[in-house]
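Please work from the sequences and hints to get the whole structure.
Residue numbers (our numbering), protein chains in the order written: chain A, 79 to 385; chain B, 3 to 316.
Please note that the accuracy of each hint is not assured.
[To be verified] Listed next, the in silico DSS-like pairs over lysine-lysine satisfying Cα-Cα at most 27 Å (straight line):
1. A:K95 - A:K361
2. A:K185 - B:K144
3. B:K203 - A:K168
4. A:K99 - B:K144
5. B:K224 - A:K275
6. A:K103 - B:K224
7. A:K275 - A:K168
8. A:K198 - B:K203
9. B:K201 - A:K140
10. A:K201 - B:K224
11. B:K224 - A:K95
12. A:K151 - A:K91
13. A:K91 - B:K144
14. A:K103 - B:K203
Derived by calculation from the structure, the hints in this document are not laboratory data.
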Amino acid sequence: MSEQPILEVKNLKQYFKVSRKFTVKAVDGISFKIMPGQTYGLVGESGSGKSTTGRSIIRLYKPTDGEVIFNGKNISGQMTKEELKLLRTKMQMIFQDPMACLNPRRKVMDIIAEGLDIHKEYKTEQEREQKVYDMLELVGLSKEHANRYPHQFSGGQRQRIGIARALVMRPQLVIADEAISALDVSIQAQVVNLMKKIQKKTNTAYLFIAHDLSMVKYISDHIGVLHLGHLVETGTTDEIFNNPIHPYTKSLLSAIPEPNPRVEKTRKSQSYDYETSGIDYHKGTEHHVEGTHYVLATDEEFAQWTK
Amino acid sequence: MTQSEALKKYQFQPEDFQLAQHRDALEVDQVMPARPAWKDSINLFLRNKGAVIGIICIVIITLFAIFAPMLSSWKYDDINTSIQNISPCAQHWFGTDTLGRDLWVRLWQGTRISLFVAVAAILIDVVIGVTYGMISGYFGGKVDSVMQRIQEVINSIPTLVVLTILLMVMKSNLFTIIMALAFTEWIGMSRITRAQVLKTKEEEFVLASRTLGAGSFFIIFKEILPNIYSQMIIMVMMSIPNAIFYEAYLSFVGLGLPIPEASLGTLINDGFNTLTITPYQMTIPVIVFSILMLSFNLVGDGLRDALDPTMKEM
Ligand SMILES: Nc1ncnc2c1ncn2[C@@H]1O[C@H](COP(=O)(O)OP(=O)(O)OP(=O)(O)O)[C@@H](O)[C@H]1O
Ligand SMILES: [Mg+2]
Numbered sequence: 079m080s081e082q083p084i085l086e087v088k089n090l091k092q093y094f095k096v097s098r099k100f101t102v103k104a105v106d107g108i109s110f111k112i113m114p115g116q117t118y119g120l121v122g123e124s125g126s127g128k129s130t131t132g133r134s135i136i137r138l139y140k141p142t143d144g145e146v147i148f149n150g151k152n153i154s155g156q157m158t159k160e161e162l163k164l165l166r167t168k169m170q171m172i173f174q175d176p177m178a179c180l181n182p183r184r185k186v187m188d189i190i191a192e193g194l195d196i197h198k199e200y201k202t203e204q205e206r207e208q209k210v211y212d213m214l215e216l217v218g219l220s221k222e223h224a225n226r227y228p229h230q231f232s233g234g235q236r237q238r239i240g241i242a243r244a245l246v247m248r249p250q251l252v253i254a255d256e257a258i259s260a261l262d263v264s265i266q267a268q269v270v271n272l273m274k275k276i277q278k279k280t281n282t283a284y285l286f287i288a289h290d291l292s293m294v295k296y297i298s299d300h301i302g303v304l305h306l307g308h309l310v311e312t313g314t315t316d317e318i319f320n321n322p323i324h325p326y327t328k329s330l331l332s333a334i335p336e337p338n339p340r341v342e343k344t345r346k347s348q349s350y351d352y353e354t355s356g357i358d359y360h361k362g363t364e365h366h367v368e369g370t371h372y373v374l375a376t377d378e379e380f381a382q383w384t385k
Numbered sequence: 003m004t005q006s007e008a009l010k011k012y013q014f015q016p017e018d019f020q021l022a023q024h025r026d027a028l029e030v031d032q033v034m035p036a037r038p039a040w041k042d043s044i045n046l047f048l049r050n051k052g053a054v055i056g057i058i059c060i061v062i063i064t065l066f067a068i069f070a071p072m073l074s075s076w077k078y079d080d081i082n083t084s085i086q087n088i089s090p091c092a093q094h095w096f097g098t099d100t101l102g103r104d105l106w107v108r109l110w111q112g113t114r115i116s117l118f119v120a121v122a123a124i125l126i127d128v129v130i131g132v133t134y135g136m137i138s139g140y141f142g143g144k145v146d147s148v149m150q151r152i153q154e155v156i157n158s159i160p161t162l163v164v165l166t167i168l169l170m171v172m173k174s175n176l177f178t179i180i181m182a183l184a185f186t187e188w189i190g191m192s193r194i195t196r197a198q199v200l201k202t203k204e205e206e207f208v209l210a211s212r213t214l215g216a217g218s219f220f221i222i223f224k225e226i227l228p229n230i231y232s233q234m235i236i237m238v239m240m241s242i243p244n245a246i247f248y249e250a251y252l253s254f255v256g257l258g259l260p261i262p263e264a265s266l267g268t269l270i271n272d273g274f275n276t277l278t279i280t281p282y283q284m285t286i287p288v289i290v291f292s293i294l295m296l297s298f299n300l301v302g303d304g305l306r307d308a309l310d311p312t313m314k315e316m
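Quick look at the structure:
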């Protein structure tokens, strides 16, 4: 592929100074790329640094170290006005909690049009309204909904409003931080299908953050497995699912329930404990498995795992 | 069968996620009328009997305080030594005081002043307190630490000491009393504001605004303030009786308004001096004072329950 990646993360680090002596290394040197129109799934257990990664990329936090290159522009340091505008319009985020991500005091119309208002992306009131109505239709709501308040919607509908708010800016990259975790399963499928449909239409790239591998498999082209702030394994969805190398990835895969009850009965989930496994992520380097499949390991570990 | 083999067998297909037949109906649900949250709050408030009685009392007392002195044929500072200490009668409904001033007029004049002092003081401390708390909470970090230390120092001096010293040093008139009250009351307001701002600014909808490129000004006025104003209103309602009380207290200990001005505090103080001879001179202002205090507290409680049920423990 000669195409330029829409997002390139190089050795991103995000530390939080909790007290004078203690620093949390939430994200500790991760690198990956996302191509235009593709979906990158970021998975890992709770506390592995998924949200922090998303938030450093979109600059809700200032990255401690490393580079984030969006659309060919470095957005991890001081930004020029144009770069900031590019970041704030062309990269958007969908949030985890549909109950908390919409301002309860504003009407849906104003919530969705917020980005348009801030960046003055319309000439007339009608144009603003029309853009919001188009978005509502795209996410499967009707234009009468525009005058309601968030508390008058169900969780799934609110999540759609959150999606509409992000998409009205015509972003090139959307970071979806557990965008479906808070929804019940049937609605999850609705929202994921909606996101896929929109992706086909607009060629938006997604960074899809989740702790649940099964949904990630369904939506992602590439997957990165994050653990304790390190990207332990990354590759295409097929590579990861068919040939998991890292014991942590294996344990995540083994945690997926089987659809076949007879198999499910004998399913053994593998446990993985970083403390006792003797693995040190800091010592590991990226080892190439095949294609785009990489794993973080030392030479011995790599030899042992791929035996 | 190993895990990976089993997984290979089960390929997720797009059809796995097809909507059931009537699911589309979900998307075009009934259109409810747009109904802002405050309408629900009003309903909740009106269901609270105590609060409704409270608000009626406040309205009645306020109306009397505004109109009674205008409509009466007497004036609150008319001294007439020929009609001293008359008990309530047809001409002087609440009697007259030791200097022969009509107590009906003086009572409502006093209520007017007390209410005015309280409301003015609270308005000033809302402006100071909200601004202070907002800056401290929103910008956080070093700004917050410094501002909090300053506030703690001011707060560690007991209110009454501050009030007494201020009024002994300065000439006591309406303006100084208002300033003195505002000076001591704003801290509570700024605390509540700061706490609310700290909580609200981490909410996802504020983060969403930031990812859309909203500036501080937009976030403060469009995102944070509309979500904390109910706490402000509750706080105001709770502070007004406080201010009325402190004003009355100051007058009662003789630091209040100069003669011949009247406030509920000065009236109670004057009546107290002759309590055993003319009990009505003190009883009536005390009753009005109590009703007013009680009403504001009831309304404050009702508002709290209606606007923010989570604050019940406060
Ligand atoms: N603002 C912060 N200050 C200090 N530590 C933080 C901060 N934000 C996150 N952390 C720490 O960083 C680590 C990663 O947090 P993060 O929220 O990225 O996890 P996550 O992978 O998104 O988990 P979850 O699946 O539960 O959302 C955690 O240990 C957390 O305690
Ligand atoms: Mg998270």
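Now for the hints, and whether the structure bears them out:
Among the hinted pairs, K95 (chain A) with K361 (chain A) is consistent with the structure: their alpha-carbon atoms are about 23 Å apart, no more than 27 Å. Distance check on the hinted pair: K185 (chain A) and K144 (chain B) sit about 35 Å apart at the alpha-carbon level, beyond 27 Å; violated. Using a Cα cut-off of 27 Å, the hinted pair K203 (chain B) and K168 (chain A) holds, with the two alpha carbons roughly 23 Å apart. Only pairs whose Cα atoms come within 27 Å are accepted, and K99 (chain A) paired with K144 (chain B) is accepted, the gap being roughly 18 Å.
Among the hinted pairs, K224 (chain B) with K275 (chain A) is inconsistent with the structure: their alpha-carbon atoms are about 33 Å apart, more than 27 Å. The straight-line distance between the Cα atoms of K103 (chain A) and K224 (chain B) is roughly 34 Å, outside the 27 Å bound, and the hint therefore fails. Pair hint K275 (chain A) plus K168 (chain A) holds up; C-alpha atoms about 19 Å apart against a cutoff of 27 Å. Simply put, K198 (chain A) and K203 (chain B) have alpha-carbon atoms about 24 Å apart, close enough for the 27 Å limit, and the pair holds.
Under the criterion of a C-alpha separation no larger than 27 Å, the hint pairing K201 (chain B) with K140 (chain A) is consistent with the structure, at around 21 Å. At roughly 22 Å between alpha-carbon atoms, K201 (chain A) and K224 (chain B) fall within 27 Å of each other, so this suggested pair holds. Between the alpha carbons of K224 (chain B) and K95 (chain A) the distance comes to roughly 31 Å, so the proposed pair goes past 27 Å and is violated. Under the criterion of a C-alpha separation no larger than 27 Å, the hint pairing K151 (chain A) with K91 (chain A) is consistent with the structure, at around 18 Å.
Simply put, K91 (chain A) and K144 (chain B) have alpha-carbon atoms about 24 Å apart, close enough for the 27 Å limit, and the pair holds. For the hint linking K103 (chain A) to K203 (chain B), the alpha-carbon distance of about 24 Å falls within 27 Å, and the restraint holds.
When held up to the earlier numbered hints, the structure conflicts with 2, 5, 6, 11 and fits the remainder.
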